[in-house]
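A.B. asks: Listed below, chain by chain, are the residues.
There are 2 protein chains.
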Amino acid sequence: MLRLRQKGAAVQKMVDTSGFTRIRRVAPIATETHGGRAKCLQRLIRLDLPVPQTVALSFDTVHRIAAGGMPNIEALLKTFGERPLVSVRPSSEVADWGGPGAILNIGMNDARHADLTASHGKKAANALYLRFVQSFAINVARLDPEMFENGKKGDALAAALKAYEDETEDRFPQDPAVQLSEVLRSMARAWEGTSARLLRQAKGAPADAGLGLVVQQMALGVGPGESGAGVIQFIDAATGRAQITGRYMSQTQGRDAVKVKAGAMFLTRDERGPSLEEKCPEVFQVLQDQGDLCRRKLREEMQIEFTLENGVLHILDAVRVQRSSRANVRIAVDLANDEVISREDAVLRVEPHSLTELLHPQLDAQDDRAPFVRGIAASPGAAFGQIVFSSAAAQASAARGEHCIMVRRETTPEDIRGMHAASGVLTERGGITSHAAVIARGLGLPCVVGASDMQLNTKDKTVTTADGSIFREGDIITIDGSTGRAFSGATEMREPALDDAFQSLLGWADAVRDIGIRANADTLAEAHVARNFAAEGIGLCRTEHMFFEDDRLVVMREMIFAKDPTDRAAALDRLLPMQRADFTALFRVMEGQPVCIRLLDPPLHEFLPRDRDGVRELAEALNMPVSDVSRRIADMSEINPMLGLRGVRLGITVPEIYDMQARAIFEATIEASKRGDPVVPEIMIPLVSAKKEVELVKSRVDAVAAAVASENGADFDFRLGVMVETPRAALRAGEIGQNVAFLSFGTNDLTQMTYGLSRDDAGRFMNDYVHKGVFAEDPFHILDTDGVGELLMLGAERGRAAHPDVVLSICGEHGGNPESIAFCRAAGFDYVSCSPYRVPVARLAAAHLALKQPVSS
Amino acid sequence: MLRLRQKGAAVQKMVDTSGFTRIRRVAPIATETHGGRAKCLQRLIRLDLPVPQTVALSFDTVHRIAAGGMPNIEALLKTFGERPLVSVRPSSEVADWGGPGAILNIGMNDARHADLTASHGKKAANALYLRFVQSFAINVARLDPEMFENGKKGDALAAALKAYEDETEDRFPQDPAVQLSEVLRSMARAWEGTSARLLRQAKGAPADAGLGLVVQQMALGVGPGESGAGVIQFIDAATGRAQITGRYMSQTQGRDAVKVKAGAMFLTRDERGPSLEEKCPEVFQVLQDQGDLCRRKLREEMQIEFTLENGVLHILDAVRVQRSSRANVRIAVDLANDEVISREDAVLRVEPHSLTELLHPQLDAQDDRAPFVRGIAASPGAAFGQIVFSSAAAQASAARGEHCIMVRRETTPEDIRGMHAASGVLTERGGITSHAAVIARGLGLPCVVGASDMQLNTKDKTVTTADGSIFREGDIITIDGSTGRAFSGATEMREPALDDAFQSLLGWADAVRDIGIRANADTLAEAHVARNFAAEGIGLCRTEHMFFEDDRLVVMREMIFAKDPTDRAAALDRLLPMQRADFTALFRVMEGQPVCIRLLDPPLHEFLPRDRDGVRELAEALNMPVSDVSRRIADMSEINPMLGLRGVRLGITVPEIYDMQARAIFEATIEASKRGDPVVPEIMIPLVSAKKEVELVKSRVDAVAAAVASENGADFDFRLGVMVETPRAALRAGEIGQNVAFLSFGTNDLTQMTYGLSRDDAGRFMNDYVHKGVFAEDPFHILDTDGVGELLMLGAERGRAAHPDVVLSICGEHGGNPESIAFCRAAGFDYVSCSPYRVPVARLAAAHLALKQPVSS
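Same order as they appear, the protein sequences are chains A and B. Once you know that position 606 of the first sequence is 606 in the numbering used here, the rest is easy, because the numbers rise by one and skip nothing. Once you know that position 198 of the second sequence is 198 in the numbering used here, the rest is easy, because the numbers rise by one and skip nothing.
Isolated chain A, as found in the complex:
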């Protein structure tokens, strides 16, 4: 036990051992031992704010209480003087971990009620007693809450006391020490209960997270003069912009002004009703000053709970303002601009993942309708529109200026134009890195995949849900790619917020980060997004999508069906100017920044038609019998196309294609140079598994470069590199990396091959696997550092050892994840490349890493 009136070190020691501490300016309180609220209250006291006397109980003490112990309550109460009324509030290490609700007016009993009736009036005395009886009965004695609901004011107290007696067959406890110890025990036990523990563990709390409690002298808020309670904050929680927000209500306690609303007054002058500013201008001015003091000294936007007791202001508590992701960015930036915090601190205060919300339209968080199907959240953002079942219908809808959601079993490269036209994509199959998901993220298009509980009938053009409802083409649905849900009908959206605060924050992040961030971009639209998000170049430009546009697809198919090298050369000659135009435009958008172009990767059969009509059209275009065309298509089909004739294997088997692509790149490079935007293009060879593959392609690319240079009398540089996406390429990175400028690890395919797992087919069981804990995470979503990661490390080490200047990067879907960036940074990679819409997240995550784990080199 502690004698609080004594001073000095010896006393403090006793304070510690007895488990409760009167919070003063001295004897620091630690968040780790007493919780955040206790710590914050000490800060307020140190700022000389009018905080009623407060005592803190440590985690240890509360834990002992839960186990049956109890500190000396008489002594504790005595620190508050004679016959005090007190409140108890939880003080956990992190506010978000929850805790039992506050209990006010402990110490109220019949005797105090009588006294207060005399001094404050019957109404106030009743209110104070009733509030305590209700709280105690419901939260401590665990009686049925319905029995203690407010009835008519006059009868309520008596009724509550009677209900308590009826239920417990005992009188309502009159001894304040008994009241307080019961409250403390109840709160301590509630914290240790299973449901509370699971709830806070879900929010990231450790299993042994402790609870502190603060016992505070009541400021009454009811009674004579201007008495009441309110909360005030100085910013808008949704936008983060400066704006005094909150409510005040006379003759109330706690947060009634916010909860009840009816009868509450505004804080600032407002035409809609009375305000504290008008009613108590001095108090309001003090509140504003104290709020400003809090902001500067606590270096945070706080919500302050205050009470007026007969005109005297008391500050009971202050908590960090709950806020939207968007508001959080502005608050951090404003604090830094006001020099309250450093720019680095501002950067660290924004969680990288939280930026995603700012980049796309979002469903209103309040919207709690039931989705008609759930799938995998494949590309963030929300969208609504009419259901369409084909790429053609999506384009038709876009042509009519109508929003549409493309619904497919799964998407193929042929659907890309439809995806460009659609507002969102919903697929029955596929996982987080299925075609639909990858493309949608690239386009910044909301996307839900693997919604396997719905049945798609493309012939009838219907979607049947698990409960048998049927959607038809043209029906309006909303999808939420951030949560993987789809809803019937349209919905209100919050628009993206790429404002000045956002730009400032990312600028500050760029100033500190030490790993490069590029974007994966195949199209001009994506390149524009990449530029807007300040990506440091394009880390992966897939060239295959360029061949799916109508006029090119026909030529591409002619090339594939060429009877002999002459025919093939003729088709490639027609593709060359188109491809050159692609790169010229791309270089123009990127204004001299590096652009890493991957040579053609997919198997050629992906460019061939799959349906009867397409085959007939092709037969007409080629002037061949349908049967011959069908046979050729069948001949080219593969059992496992992922592991077939594609990538560099294609480049070696039909080298003219890469020749054409290299020529297009070099000619575009010369044009860019003439235009005054000189660029050093990067050419990347996909799917390498042996050194010799690189040598063969390199010698042909070098030859094309020499030819283009001599034909044009122009000199240019370029870099040739390898996409490391087979386990063998990673293992052999030493010899493969020796004569190339860069090694870029394609973590999508590398993950597929390391696990022996197709991302297109994994959707069927991945949820089950993650649910059962077979895989801790979907390895296509979170980089598997144990397996795939080891190959990255081996590849990086061996590549660097053989060729110290080789540039290392990753360009798979994982590129934008903070976890992957941490991994790559630790492994000494030069940059990561990710979907353009992930670039802001990646820039911020990289800055966090640089600030949290500075590297010596």
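By construction, these hints were calculated from the structure, which means they are not laboratory data. Be aware that one or more of the hints could be misleading.
Note that identical chains are pooled: a pair holds if it fits in a single copy or bridges any two copies.
BS3-like mimics (lysine-lysine), calculated; alpha carbons at most 27 Å apart, straight line [stated by the list, open to error]: (1) Lys39 with Lys203; (2) Lys692 with Lys772; (3) Lys203 with Lys692; (4) Lys122 with Lys279; (5) Lys279 with Lys261; (6) Lys563 with Lys691; (7) Lys461 with Lys39; (8) Lys259 with Lys39; (9) Lys772 with Lys698.
Since the structure of chain A is provided, determine the placement of chain B on it from the hints.
C.D. replies: Then chain B, alone, in the frame of chain A:
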């Protein structure tokens, strides 16, 4: 230069520096400096055989001659006495590397011709001179051979001399020293020519392989008394059995008796004509004695070249008998049984790959018809039969007792029964480890895959070759799976030779080898083969093939289409006794030897019908509409089945299947025990990529084992292990191997995933890739030690480190290759498992390794 009559160390030194050495008993000649023939001749001299005086020229000397130098020819000739006649023969390090032909009778000129006419008669003198003039003109002066063909005997010499003078405008050289130096120069230069070098490098000679030459005093073979020449050997070159073979012809030189034949006599008594045994019984007896001496002292079966000069026997040369693989085995075994060589030497004398020929019928090596198509040699042996295009037709053909060759685009598991019925398989697609190839090797069935130059039309039932010929169903063709060729019509075959010599040799191999050899066997037939070839158990029993038999396939499909767990359980209950019977029979064949059973691996859709009829049948069986069945089948299809829902993923998603299989295994184990053949079954989990997968399956298998044990009141042991076939499983072998009994590396899938290369689709470009040197070898054929091998090493090291007792093995297609066995042995693996027909090769290869590279542990 050397004075040969002097003796002692100083002289020998001079001998060495002057570049030629008279071969005597002392001063050893080395194969590495003077070649095999010189070395052998010294051995014959040491055996006191009547070898004419011989001088050896070293590799260095011959190299200097080619460069323009020349030893002192006068001195060399003087070692043979006055006016000698000599021959020159090549002496390379390995006889197989070739060399210029022998030249006889050097020293013949007009003067010697006159003398010999007097002493030996005109005919003999003419023959000796003419032979030399012809050889010199053709091989040294490089004149047109047609001009020096034998005309009428009387005119031939004069005509040849005149032709020589006309062509060279010079007289035929008369100085023996000039003759000899020209011969030596010509032979030396021929050896260094490009075509000779390429030829011998193709046979494995190093780029700087040297040529030695031997100069030997002529034994004339023509002239008075019994003069003539012949060759003798003491075994049959085709069978290896003891049998005196060879020919002798009077009044001839060199190997004329063998080449000309007409006029040659048999060696032993023969009813078909005269024999040396009858004509010169004493000489014949001496030859026999000397042959026996050679065999014992040279420890080899030699072919001896001999000459009779006026009744006196000379042994000119002896070379190792050229022989078939089969003969080589018998010769080695007989030599060991006669205690001429050790059993270990006998083992080392047989090249493991050469055994393959003995295991299957072979095409006659003399058959040089042109194949109608070439493909990949996928499973050795030859077969002929009628073309059939379907599994059903193959079975019908077998039912009629007719041989057939099954011709398919590629095979699927549904074709297995057809393959059992066929004599051979020919496919248009696929590589060395395609389905057809793997199954055929297991069945010991000749197979050619990837014959992409033929066009298969399954509808018309025709095969069209590159030159436009058409084969129809029923046409007879022959395929040679050892060379990858297919021929029109039937062909003579040599039957397999698994005789006592073969068995002895493999028994001796087993006595020395130090790594286990098991067989991959899925069927009883394969298990029988495995037993016959003395495999030490089954290393991989794939269970999927068991479900393709008609009665089971229906039940399997019902299981796959089960509406709920109850339906599924009912189907599995019907499969259980069938599966139990499979294992019971297998355990019976293997008589207590270990059997490693892989739980179901392929995706379930492999068991579903692909064609319209099959779907309709299934719809009938399931009493469902065809459209529903089609939809379900489409739903289950996968883009990359290799990387899809199969293996342990299936085991976790539908755990009842593995439960059933485990129960069948355990119940069969109990039956085996009751029968008196106790077995410890091994259960292998396929396609593992994470530790937790193993834990989940292990806990269920353990539970099934406990249940079966308690139901039967029986105790049994089993081992649970993991098939390591994903790169991740190899990398994580430490944690994966910790709680399992064994890790068996499936190198087929591991190669596919390490390269990102499907064996089914690789056929399309693998030939091109190997041809261009992109891959040194087809990695599905020869283990890629650099990439896949590193994963094997890492996996083995990590598995052993975490669990020192874990049993390590490989069970992929590579298991039987000597190279893979060497790799696994070096890495400390316990056994390799291979196709049953590869077991003998593997046993012998392992023995070679143990003898050549003994390990200290």
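A.B. asks: List, from low to high, the hint numbers that the structure doesn't satisfy.
C.D. replies: 6 and 7
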